[in-house]
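Asker: Position 44 (the sequence shown) corresponds to 43 in numbering that gives the first Met the number 0; numbering is contiguous.
These are calculated hints, taken from the structure and not from any lab test.
Hints are not guaranteed to be accurate.
As the list claims (entries may be wrong) - Calculated cross-link-like contacts (lysine-lysine; reagent style DSS-like; alpha-carbon spacing at most 25 Å):
id, residue 1, residue 2
1, 160, 138
2, 69, 53
3, 53, 72
4, 138, 148
5, 148, 160
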Amino acid sequence: MRSIWGLIALVATATFYLYLLSAFLPPGPRAVRVHDAEPEHTADESEEEVLRLKFPSDLEELRELAELLKFYKTEHTGYVFILFCSAYLYKQSFAIPGSSFLNMLSGALFGPWHGLLIACTLTTVGSTNCYLLSRTFGKRHIIRIFPEKVAMLQRMVEENKSSLFFFLLFLRFFPMTPNWFLNITSPILNIPIPIFFFSILIGLIPYNFICVHTGAILSEIQSLDDIFSWGTLLQLLLIACVALLPGALIRRYSQAHLKLDGLEPNGHQKVLNDRKTR
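With the hints as extra help, turn the sequences into a complete structure.
Answerer: If you want it as structure tokens, here you go:
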């Protein structure tokens with residue numbers, strides 16, 4: 000029970016910090032709405048709407064947030080960087096879905112290459128935080144809630160102990176089990192932090208590359224014609240090649256060296272699926 004209250008206190012503290020960071024914004028842009036029906040109104044009499052920060056849930060909200068933060072970035076570069084890093088680490092550390100939108104936002108704000116470096120660093124640090132939080136607060140609760148999946152992963156880690164790093168890379172390139180679940184179960188599986196750290200850093204490069212470069216392209220597209228320009232098409236082709244090449248190499252290695260019997264998408268065993276069909 001003490002571990003649960005400790006985790007709740009930590010989540011509450013981090014949430015309060017993120018709230019304060021987003022609530023007390025520096026002076027920023029305001030969306031101005033002028034009355035078209037009454038031309039005698041001047042700009043001083045126009046209505047203003049204060050733009051507020053929130054996690055994006057779709058592409059339209061992502062575009063709006065990117066435009067808002069781009070303004071802040073020109074005037075308050077350090078503030079935007081700290082805010083972005085804090086929001087990203089908050090999601091990763093507490094295993095909250097939605098990192099793909101933040102990866103795309105990284106590309107829109109910082110460009111494709113700087114954005115990729117930032118996204119890979121934050122993904123690795125945030126996942127390591129999640130690992131440490133799970134080891135400190137949640138090991139017994141995770142085993143109690145997910146006994147079958149933990150047992151399955153434990154068996155496969157033991158079978159692939161001689162190639163543990165490549166086994167973890169395979170799981171990151173082809174997430175048979177969601178990344179957040181691997182993060183919280185790794186301390187239970189006794190995976191050393193250095194191996195965990197570098198498997199995240201390397202294994203999620205293709206995924207981060209796709210999201211970041213997609214965000215960079217979306218921020219540059221102004222019309223449908225831009226989508227079908229040669230420059231955009233070549234960038235999309237490059238994204239596909241970079242994402243597929245390491246995956247193909249690790250798949251070939253896994254077929255020759257790793258024991259993956261019974262592992263299916265989302266981490267279920269074939270035997271579990273057989274039981275459900277009976």
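Asker: Next, verify each hint and record whether it holds.
Answerer: Checked hints:
1. Between residue 160 and residue 138, the direct Cα distance comes to roughly 21 Å. Compliance with the 25 Å bound is thereby established for this hinted pair.
2. Restraint check for residue 69 and residue 53: satisfied, since their Cα atoms lie roughly 15 Å apart, inside the 25 Å limit.
3. For the hint linking residue 53 to residue 72, the alpha-carbon distance of about 16 Å falls within 25 Å, and the restraint holds.
4. The hinted pair formed by residue 138 and residue 148 meets the criterion: a straight-line CA distance of about 14 Å does not exceed 25 Å.
5. Under the criterion of a C-alpha separation no larger than 25 Å, the hint pairing residue 148 with residue 160 is consistent with the structure, at around 18 Å.
Figure legend: structure checked against the earlier numbered hints; every hint is met.
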